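These protein sequence lines map, in sequence, to chains A and B.
So in the numbering used here, spot 246 of the first sequence is number 246, and the numbers just go up one at a time.
Count along the second sequence from 1, then add 1000; that gives the number in the numbering used here.
Bear in mind the hints are in silico, worked out from the structure with no lab data behind them.
The model shown is predicted, which means the values in this text are computed figures rather than measured ones.
Ideal Cβ positions, reconstructed from N, Cα and C, are used throughout, including at glycine.
Among the hints, erroneous ones may be present.
[Said to hold, decoys possible] One-sided and incomplete, this derived list gives chain A residues near chain B with beta-carbon spacing under 8 angstroms:
id : residue
1  : 158
2  : 177
3  : 179
4  : 182
5  : 185
6  : 420
7  : 421
8  : 423
9  : 527
10 : 530
11 : 534
[Unchecked claim] In silico SDA-like pairs for lysine to any residue, Cα to Cα no more than 25 angstroms straight-line:
id : chain 1 : residue 1 : chain 2 : residue 2
12 : A       : 422       : B       : 1276
13 : A       : 521       : B       : 1308
14 : B       : 1278      : A       : 421
15 : B       : 1261      : A       : 231
16 : A       : 419       : B       : 1278
17 : B       : 1026      : A       : 152
18 : B       : 1278      : A       : 352
19 : B       : 1269      : A       : 185
20 : B       : 1269      : A       : 193
21 : B       : 1261      : A       : 152
22 : A       : 419       : B       : 1129
23 : B       : 1278      : A       : 185
24 : A       : 256       : B       : 1266
25 : B       : 1261      : A       : 170
26 : B       : 1261      : A       : 180
27 : A       : 190       : B       : 1244
28 : B       : 1261      : A       : 514
29 : B       : 1309      : A       : 152
30 : A       : 190       : B       : 1266
31 : A       : 419       : B       : 1220
32 : B       : 1269      : A       : 176
33 : B       : 1261      : A       : 517
34 : B       : 1309      : A       : 154
35 : A       : 233       : A       : 157
36 : B       : 1308      : A       : 158
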Amino acid sequence: MESTARAGIDYRANHALTIKEFPYIIRWRDDRCKRCGSCTAVCPVRAIVPAVRVQRVVSSEGATPTPTAKRRVVHVVEQVNDMERYCTGCSVCALVCPNEAIYPEFNPQNKFLHYKNKGGEGYKRGGRRNDPSISTLDRIKFTRISMLTDPALDAGRHEFRVRTYLGRILSPDRLPLSVQGDMLQVDRGKDIFIPPVREIYPIMIGSMSVGALSPPMWEGLAMGVTYLNEIEKMPVVMCSGEGGMPPRLLRSRFLKYFVIQIASGYFGWDEIIHALPNMVEDPAGIEIKYGQGAKPGDGGLLMAQKVLKLIAGIRGVPMYVDLASPPTHQTKYSIEEAVAKMIQSMSMAWGFRVPVYPKISGTKTARAVLNNLARNPYAAALSIDGEDGGTGAAYNVSMDKMGHPIASNLRDCYLDLVKQGKQNELPLIAAGGVGKKGNLAANAAALIMLGASAVSIGKYIMQAAAECLGDEYNRCNLCNTGKCPRGITTQDPKLYRRLDSAKVAERVVEVFKAADVELKKIFAPMGRSTELPIGMSDGLSIDDKAMADRLEINYAC
Amino acid sequence: MCRLAAVTSSDYVSPMEPVLALETMKEGHDGSGLGLTLKDLGGEFEKLKSYPILSGICSTKGMETLEGFMKKAGFKLKHQWNPKVKPRKGIEARDFYFATAYDYPASYKHKSLSEKEDLLLNTRLSLRRIGEADQSIFVFSFYPDVITLKEVGDPLETAEFFGLDKDTLKAKIILAQGRQNTNYAIYLYACHPFFIQGFSTMTNGENTAFVPIREFLMGRGLPGYIGYNSDSEVFTHILHYTVRQLGFPLHYYKDVITPMKDNEISQRKDADALRLIKQSMRQLCIDGPNMVIGFTPDGTCFMVQDSKKLRPGVVGGLKGKYGLMSEECGLDSLIPKRDRAKDIFPMKYDMVIVTPEAKEVKVWNQLQGRV
Chain A
1 MESTARAGID YRANHALTIK EFPYIIRWRD DRCKRCGSCT AVCPVRAIVP
51 AVRVQRVVSS EGATPTPTAK RRVVHVVEQV NDMERYCTGC SVCALVCPNE
101 AIYPEFNPQN KFLHYKNKGG EGYKRGGRRN DPSISTLDRI KFTRISMLTD
151 PALDAGRHEF RVRTYLGRIL SPDRLPLSVQ GDMLQVDRGK DIFIPPVREI
201 YPIMIGSMSV GALSPPMWEG LAMGVTYLNE IEKMPVVMCS GEGGMPPRLL
251 RSRFLKYFVI QIASGYFGWD EIIHALPNMV EDPAGIEIKY GQGAKPGDGG
301 LLMAQKVLKL IAGIRGVPMY VDLASPPTHQ TKYSIEEAVA KMIQSMSMAW
351 GFRVPVYPKI SGTKTARAVL NNLARNPYAA ALSIDGEDGG TGAAYNVSMD
401 KMGHPIASNL RDCYLDLVKQ GKQNELPLIA AGGVGKKGNL AANAAALIML
451 GASAVSIGKY IMQAAAECLG DEYNRCNLCN TGKCPRGITT QDPKLYRRLD
501 SAKVAERVVE VFKAADVELK KIFAPMGRST ELPIGMSDGL SIDDKAMADR
551 LEINYAC
Chain B
1001 MCRLAAVTSS DYVSPMEPVL ALETMKEGHD GSGLGLTLKD LGGEFEKLKS
1051 YPILSGICST KGMETLEGFM KKAGFKLKHQ WNPKVKPRKG IEARDFYFAT
1101 AYDYPASYKH KSLSEKEDLL LNTRLSLRRI GEADQSIFVF SFYPDVITLK
1151 EVGDPLETAE FFGLDKDTLK AKIILAQGRQ NTNYAIYLYA CHPFFIQGFS
1201 TMTNGENTAF VPIREFLMGR GLPGYIGYNS DSEVFTHILH YTVRQLGFPL
1251 HYYKDVITPM KDNEISQRKD ADALRLIKQS MRQLCIDGPN MVIGFTPDGT
1301 CFMVQDSKKL RPGVVGGLKG KYGLMSEECG LDSLIPKRDR AKDIFPMKYD
1351 MVIVTPEAKE VKVWNQLQGR V
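When you get a sec, could you build the whole thing from the sequences and use the hints?
See below:
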């Protein structure tokens, strides 16, 4: 202690953090700042504050140099060194600054995780896995290009059918068909259950709940999806996430564009069940959430500050209480019996007219789940959410370290179905990291050619349609706090008023139209246009031999 | 691009006729091989129509193995035809080329055709397995009234190598295929036409959807769906699966390999069935560019195009003799005295069907679902 004191640091200062431990360091320019206060007012975590300092200023006036030192009080913008108010790097300060006087800079030497556990509480956040490395999906290339021996198709001229199926598909030898004359007719007398199947666009919007998302964000996505269906004739579907749906939407003809999710908290299902007799359309599907790629084994969580009147009403709960969904469905003790029962119950609720499928997080045990579902004639699909998926709230350790990459998980499952000859019967939906680096169409096409019938996106659409600030360097990632500076994941009207739902909808439409063109640009040179190239693995290559072997695709370098 | 020439006739025709038709289509170098499948045989096989004929190639050692195997399996030799091989430069002669008619094992004499077909298929597959590793046995077909000949070389020279210009071997239906030299390794099992249980097809073009189709077929649990040394073999197996295994009328082959858009399907009287087929057989959709010529066990011949018609194909002739060709010059060679104005160039929705004995040509239209 004595020696410390001699060095000019007391014990309080010694236990404080230097700014170098922080993940983002604020770069503020005194000479450009006009002290308007916009940045400090807008900072969602109060990481910067206006402060007053005494400065010694040397100045000279007159014809000859006559330096004079003065002490004066100046106003500055300071970064606080409180880990509870760390700068998240969201850059909203830079967004509002009229003079480009401030911005946060990523500090790769930070020791953030060493300290972000005050009170013995692990670091919780929203967002995605903080791993900026290039994902397997982004390393996959399309290398079977039709050249001369088989003419390539023309993405601009030829007809393309970029569609897929959601629902259990009967094996050809089980189709209830009979020959009448030289024509086949469906023989209703054969008493074979024909499962419901929807023709959908192969990129779905994944499950993000009303509650996790702000009203204008959810509404913007919903409007965009509806526009795509009704005007652009692209059958894009969107999953509700756990937390129900706006009551009027449940009773509207637009319900057919939505997959309703049921998860372990059953939030929103009171309202849904009550709306059932008044539904004029069936939903596109029912997704039973058993797991989430971003936080496998963890339940859902909507924090109290996000449970405002609208959300409480839809979910049928009191306002301002934490809404935690358990990690597992409490009534489920075995896949053989209980999961099958749940699938059948949900099917029965809609008279077996709606595809019902489970969603699991990517896991080494996915094949066991798959094989069970393959034997269940009511299971309509299996959605697998890989580790690069996102979430509104979870422990950092769950997000960063738990879960399975989607590429090999999906491929294993597809090849398992191939072995059983059931690859066309149980569609696989792949999610988690699709469009992580912005390559939506390429990632989607890669997964499809590895064996997915469809892919699901979440973070990508939040970034592309609503300018979500998050990235793999832990930027922003405040979804759990209700302080989303873009107004995407907040229930605070002051924040979500910033977000224009019409703009979001417009961007959703643009994103899907552009992805559609890009998918055709991938499929055309590979000579595919009529059906989705599901499992066309000979078209893929990767620049890593081990990955190529693991995925059973070509190695090219 | 492969050259394809098929003939269907009410009279017996020499295999040289379609081979010469192939010759008219020749452009540039072509030394990669000839494949011939003959059905409804004349000549020395005319009186042996109910006996299955094993067609293939063997080494001396392979022939010993094969004879022993067939004897043990209970097949009795009925008749053997061997081509009178005339050496040709560039064609490496193998030890034995054969087409051998057998009588069924005693236990199969009174079994159904379907059971007999399964026996023949399994026997062919067993022989293939035995002889494939050391290439001592190649077997291409084992079926009543069908012979298949294949060898690597210029198609016309290969036909002459087999002595077909002097032989009495004839048939009413002949599929002939000359492979252009676009394949890197020339392997006999990759050579068209392909055959399985009375169904045969040959194709030109590449099959971009090959891998998903192959994986789907291999998952059907049928032992014959193996091989796939060529991406075109799946076309034969899709035909077999659609017509024999599922019992669909022949024209549904077109609906399986080139399914229509939903609004087009809605116009068909069998729309409900078509929707289910489109879903359930999604993996069997081809994306071209392909033109397929084939025959079914009853002697019906057909030609179909991919859904964009990216390959040529023409059918024409006279009552009693029709040619199905990849190029019109082949038709001019085969049937010069026909009315060319009546030649049919099938478009993307068409399936040209020539009834047995070449009695009638019909164009079945997929949009309308009728002829």
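Going through the hints against the structure:
1. For residue 158 (chain A), the suggested interface contact is upheld, since its CB lies about 6 angstroms from the closest CB of chain B, less than 8 angstroms.
2. Against a cut-off of 8 angstroms between C-beta atoms, the interface hint on residue 177 (chain A) holds, since the closest Cβ of chain B lies about 5 angstroms away.
3. Against a cut-off of 8 angstroms between C-beta atoms, the interface hint on residue 179 (chain A) holds, since the closest Cβ of chain B lies about 6 angstroms away.
4. Look at residue 182 (chain A): its Cβ gets to within about 5 angstroms of chain B, closer than 8 angstroms, so that hint holds up.
5. Because the smallest distance between the Cβ of residue 185 (chain A) and any Cβ of chain B comes to about 6 angstroms, under 8 angstroms, the interface hint for this residue holds.
6. With a least beta-carbon distance of about 7 angstroms to chain B, the hint placing residue 420 (chain A) at the interface is held under the 8 angstroms criterion.
7. Taken as an interface hint, residue 421 (chain A) checks out: its beta carbon lies about 2 angstroms from the nearest beta carbon of chain B, inside 8 angstroms.
8. Interface hint status for residue 423 (chain A): upheld, as the beta-carbon distance to the closest one in chain B is roughly 7 angstroms, under 8 angstroms.
9. Interface restraint check: residue 527 (chain A) against chain B, minimum CB-CB distance 3 angstroms, threshold 8 angstroms, status holds.
10. Among the interface hints, the one on residue 530 (chain A) holds; its C-beta lies about 5 angstroms from the nearest C-beta in chain B, closer than the 8 angstroms criterion.
11. Because the beta carbon of residue 534 (chain A) sits about 6 angstroms from the nearest beta carbon in chain B, less than 8 angstroms, this interface hint is met.
12. Distance restraint check for residue 422 (chain A) and residue 1276 (chain B): the Cα-Cα separation of roughly 16 angstroms lies within the 25 angstroms cut-off, and the hinted pair is therefore satisfied.
13. With a C-alpha separation of about 17 angstroms, the suggested pairing of residue 521 (chain A) with residue 1308 (chain B) holds against the 25 angstroms cut-off.
14. Under the criterion of a C-alpha separation no larger than 25 angstroms, the hint pairing residue 1278 (chain B) with residue 421 (chain A) is consistent with the structure, at around 17 angstroms.
15. For the proposed pair residue 1261 (chain B) and residue 231 (chain A), the alpha carbon gap of about 19 angstroms is at most 25 angstroms, so the pair holds.
16. Between residue 419 (chain A) and residue 1278 (chain B), the direct Cα distance comes to roughly 22 angstroms. Compliance with the 25 angstroms bound is thereby established for this hinted pair.
17. Between residue 1026 (chain B) and residue 152 (chain A) the alpha-carbon distance is near 24 angstroms, which keeps this suggested pair within the 25 angstroms criterion.
18. Straight-line distance between C-alpha atoms of residue 1278 (chain B) and residue 352 (chain A) comes to about 21 angstroms, which keeps the hinted pair within the 25 angstroms bound.
19. For the proposed pair residue 1269 (chain B) and residue 185 (chain A), the alpha carbon gap of about 9 angstroms is at most 25 angstroms, so the pair holds.
20. Simply put, residue 1269 (chain B) and residue 193 (chain A) have alpha-carbon atoms about 22 angstroms apart, close enough for the 25 angstroms limit, and the pair holds.
21. The straight-line distance between the Cα atoms of residue 1261 (chain B) and residue 152 (chain A) is roughly 21 angstroms, inside the 25 angstroms bound, and the hint therefore holds.
22. Straight-line distance between C-alpha atoms of residue 419 (chain A) and residue 1129 (chain B) comes to about 21 angstroms, which keeps the hinted pair within the 25 angstroms bound.
23. About 14 angstroms separates the Cα atoms of residue 1278 (chain B) and residue 185 (chain A), which keeps this hinted pair within 25 angstroms; it holds.
24. Distance hint between residue 256 (chain A) and residue 1266 (chain B) is fulfilled; the C-alpha atoms sit about 21 angstroms from each other, no more than 25 angstroms.
25. For the given pair, residue 1261 (chain B) sits about 20 angstroms from residue 170 (chain A) by alpha-carbon distance, which is consistent with the 25 angstroms threshold.
26. With a C-alpha separation of about 23 angstroms, the suggested pairing of residue 1261 (chain B) with residue 180 (chain A) holds against the 25 angstroms cut-off.
27. For the given pair, residue 190 (chain A) sits about 21 angstroms from residue 1244 (chain B) by alpha-carbon distance, which is consistent with the 25 angstroms threshold.
28. A threshold of 25 angstroms between alpha carbons decides the hint, and for residue 1261 (chain B) with residue 514 (chain A) the separation of about 22 angstroms falls inside it, so the pair holds.
29. Between residue 1309 (chain B) and residue 152 (chain A) the CA atoms are separated by roughly 13 angstroms; this keeps the pair inside 25 angstroms, and the hint holds.
30. The straight-line distance between the Cα atoms of residue 190 (chain A) and residue 1266 (chain B) is roughly 23 angstroms, inside the 25 angstroms bound, and the hint therefore holds.
31. For the given pair, residue 419 (chain A) sits about 10 angstroms from residue 1220 (chain B) by alpha-carbon distance, which is consistent with the 25 angstroms threshold.
32. A C-alpha spacing of about 17 angstroms is found between residue 1269 (chain B) and residue 176 (chain A), which places the hinted pair at or below 25 angstroms, so the restraint holds.
33. At most 25 angstroms may separate the alpha-carbon atoms for a hinted pair to count; residue 1261 (chain B) and residue 517 (chain A) meet this at roughly 19 angstroms.
34. Between residue 1309 (chain B) and residue 154 (chain A), the direct Cα distance comes to roughly 14 angstroms. Compliance with the 25 angstroms bound is thereby established for this hinted pair.
35. Straight-line distance between C-alpha atoms of residue 233 (chain A) and residue 157 (chain A) comes to about 18 angstroms, which keeps the hinted pair within the 25 angstroms bound.
36. Proposed proximity of residue 1308 (chain B) and residue 158 (chain A) is supported: the alpha carbons are some 8 angstroms apart, at most 25 angstroms.
Violated hints: none; the structure is consistent with every hint.
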